[in-house]
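Novice: Each chain, letter by letter, is given below.
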Amino acid sequence: MKKEKILISGNEAIGEGAIQAGCFFYAGYPITPQNELTAYMAKRMLQEKRVFIQAESEISAINMVLGASAAGFRAMTSSSSPGISLKQEGLSYLAGCQLPAVIVNIMRAGPGLGNIFPAQSDYFQATKGGGHGDYYCIVLAPFSVQEAFDFMFFAFDLADKYRNPVMILGDGFLGQMVEPLTVKFQIPNSKYQIIKKDWALTGCKKRAPNIIKSFYLKQKELEKFNLLLQKKYKTIKRRETRWQEIDVEDARIILVAYGTMARIAKGVVRKLREKGKKIGLIRPITLWPFPQKAFLKNPKARYLVLEMSYGQMVEDVKLALEGDKNVEFLGRAGGGIPTEEEIIRRVK
Amino acid sequence: MTEKIIISGAGGQGVMLLGRVIAEVALNENKFTSWLPSYGAEVRGGSAFCMVVVSDEEIPSPYIEKADTLIVFNKPSLEKFISWLKPEGLLLVNSSLVPKLNPNKNIQILSFPLTEIAVKLGNIKVANMVALGIYLKRKKLFDIKTVFKTIKKITLSDKKNLIDINIKAIKEGLNLI
Amino acid sequence: MKKIFSHPKSLRKIPTHYCAGCGHGIAHRLIAEVVDELNIREKVIGIAPVGCAVVAYDYWDFDCCESAHGRALAVATGIKRCRPEKVVFTYQGDGDLAAIGTNETIHAANRGENLTVIFINNAVYGMTGGQMAPTTLVGQKTATTPYGRKVNLHGWPLKISEILGLLKGVVYVERVSLHAPLEVLKAKSAIKQAFLNQIQNKGFSLVEILSACPTYWQMSPREALDWIKEVMIKEFPLGRIK
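Chains as they are written, first to last, in our numbering: chain A, 1 to 348; chain B, 1 to 177; chain C, 1 to 242.
Check before you lean on any hint, since a few could be wrong.
[To be verified] Derived SDA-like pairs: lysine to any residue, alpha-carbon spacing no greater than 20 Å straight-line:
1. A:Lys49 <-> C:Pro84
2. A:Lys220 <-> C:Asp58
3. C:Lys13 <-> A:Gly110
[What the hints assert, rightly or not] Beta-carbon label-pair distances, calculated as ranges:
4. B:Leu176 <-> A:Lys49: 46 to 54 Å
5. C:Lys234 <-> A:Asp198: 47 to 55 Å
6. A:Arg242 <-> C:Glu162: 54 to 62 Å
7. B:Pro87 <-> A:Ser57: 23 to 31 Å
8. C:Gly169 <-> A:Glu4: 37 to 45 Å
9. A:Arg346 <-> B:Ser111: 35 to 43 Å
10. A:Gln244 <-> C:Gly169: 44 to 52 Å
11. A:Gly336 <-> B:Asn102: 43 to 51 Å
Just so you know, the hints here were simulated from the structure itself, not pulled from any lab data.
These figures come from a predicted structure and were not determined experimentally.
Idealized CB from N, CA, C, for every residue including glycine.
Chain A with its partners taken away, still in its complex shape (with noise of 0.2 Å):
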């Protein structure tokens, strides 16, 4: 095993995780900013001898993931907000025949065609399922080079472990910027099936028939099999919930942000602690479950929810501390993010 430190985007670093997490499978359509995963998949999935379709829409290629993770197969597609709005009807599909799937999103900022600039404002999407039907995705928000790479290997676990899509949500500055990334070089060679999944399809060789659906014509059916979906969810709640804390338990004003938005607040908590002011931070590493919990080691405190999107996230923090009397919010909208020194103008 080589362990090296390299520079790397996020972008490509998304990549090699997810090879070296073991993903056979990748399908996506060319949209910035994420271009340069879909470049990086197209070199190396070739060069492991696995498969890399550059398909003809997002429509596609979350389809032929849907194929793949039925096959029993690690996949994934990658995309930014447009192309993910398309994908929806794929996600929809995933959580209801209970495949699992990795999906990214290099956020851009919207609404339509919007621009490239770097955005959160994808958040509801991503959160409260995106597509038709009672369903979630587990939404893993990493704010390094470093997490976007690490994160893949529990994206691919989770999604394997839950049957579950599993969206890695980033902006555009995740994707495009480029830090130094310890790397691990231990590639999986041959065991793509890391777990172990007798609900594949491979041919009906010495069993039953496996069939993958969402489909039940009957009512009580398909309430039945959605109750099924809401106790898993609930499971996923209580044991993959995580986020990180700064300085949280004598603050008097608390920031919460994730992502690219996470580093820049964490770095206005630095900076204020330094000169004696009571600030904390809460960043959730989970989005979906987002970490309600979190809030209860100091409810009083006032909050600031700052984002790269519109009054998206607050919404959740509101309803983590049961009202919104201490909840603030500072974000921008349209590719703006809010500076080191407009949060600190809104914090004193």
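With chain A held as given, fit chains B and C onto it using these hints.
Specialist: Below, chains B and C alone, put in the same frame as chain A:
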């Protein structure tokens, strides 16, 4: 120590590479670093920029609001980014493509005909490495030996013939001030 | 006594939900017979469509995957690329394959994916209540063409098989029909060929099957078969296209 650098110029002037080299050097000196390229539709001709942060501590944001150093290779870049430079900040200008600047006491200005120097060295594309030499000499953030080692390390195998001219350009820059 | 006829192993012994005179039951059975004859039941993976045949996996007795409307060939591509040793086929209607899924169809074909496609053309959307399909004939009345399909409003019947025949990635396209016993036998041999092509790694094969929908054609089963023979075949001529 935290150094925030914005580099800008026309697509094709080696703006991205210059930023990447600085970040690679920082990595090799075990510093924290981030490099953020602009990712617009500009490939050749249009304006391109990147942001590099080098620090002794964890870097909060790769995005620079106020730069310690601004390196510009053409006039539109100067106009776009001059207001991003901190008071007392360092401005390194390619005078081959930027008309004479009015003296400004609030900032430090280094002005050299980078394009012309590069042409004289035999390759117009190494204007960025001349700038690197000047920058290294002025800021003294890195060991020059690390810089040369880094250049050799990151050059792709089919471009190894370009190592010498790049190192020559850096040395030229080092000798200009 | 020698046994010359029996229920296919690949077909479950349960009644189908299809209307009287519908072609789906016959097409399902033909596939099951071919799967048995080629001895591939333990390595075949079917992709069921959205449409009347949505629960085809309730009738076939082998591994199957659901697919969203129109996405069958994308799903099949994902499976086949991961498990090239399996035999993967899609079963799709005209709306699925030639309207909402045209993009998936053309690109899977153009990539030359080593897949088998069974394409049921009954000139109408059945499951949703008899609306116009891309293959609805000019003049044909449907729920959404109550005055008959008009060229100036709805365009012409889409000849997707002929279009696919132009693509280099496609090795085999044949149009068959289920309107008479002899035609059914021909249909079976075309289906068999399409599966054999895949087993022999030849590439993309498609069999278009003209199939009756007496319910939404508002005919008796007998009239529906005659309509295929006398009307539909004129627009969609039978035979090998590629």
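Novice: Against each hint, give a clear statement of whether it holds in the structure.
Specialist: Evaluation of the provided hints:
no. : hint                              : verdict
1   : A:Lys49 <-> C:Pro84               : holds (13 Å)
2   : A:Lys220 <-> C:Asp58              : holds (18 Å)
3   : C:Lys13 <-> A:Gly110              : violated (53 Å)
4   : B:Leu176 <-> A:Lys49: 46 to 54 Å  : holds (51 Å)
5   : C:Lys234 <-> A:Asp198: 47 to 55 Å : holds (51 Å)
6   : A:Arg242 <-> C:Glu162: 54 to 62 Å : holds (55 Å)
7   : B:Pro87 <-> A:Ser57: 23 to 31 Å   : violated (51 Å)
8   : C:Gly169 <-> A:Glu4: 37 to 45 Å   : holds (41 Å)
9   : A:Arg346 <-> B:Ser111: 35 to 43 Å : holds (40 Å)
10  : A:Gln244 <-> C:Gly169: 44 to 52 Å : holds (50 Å)
11  : A:Gly336 <-> B:Asn102: 43 to 51 Å : violated (32 Å)
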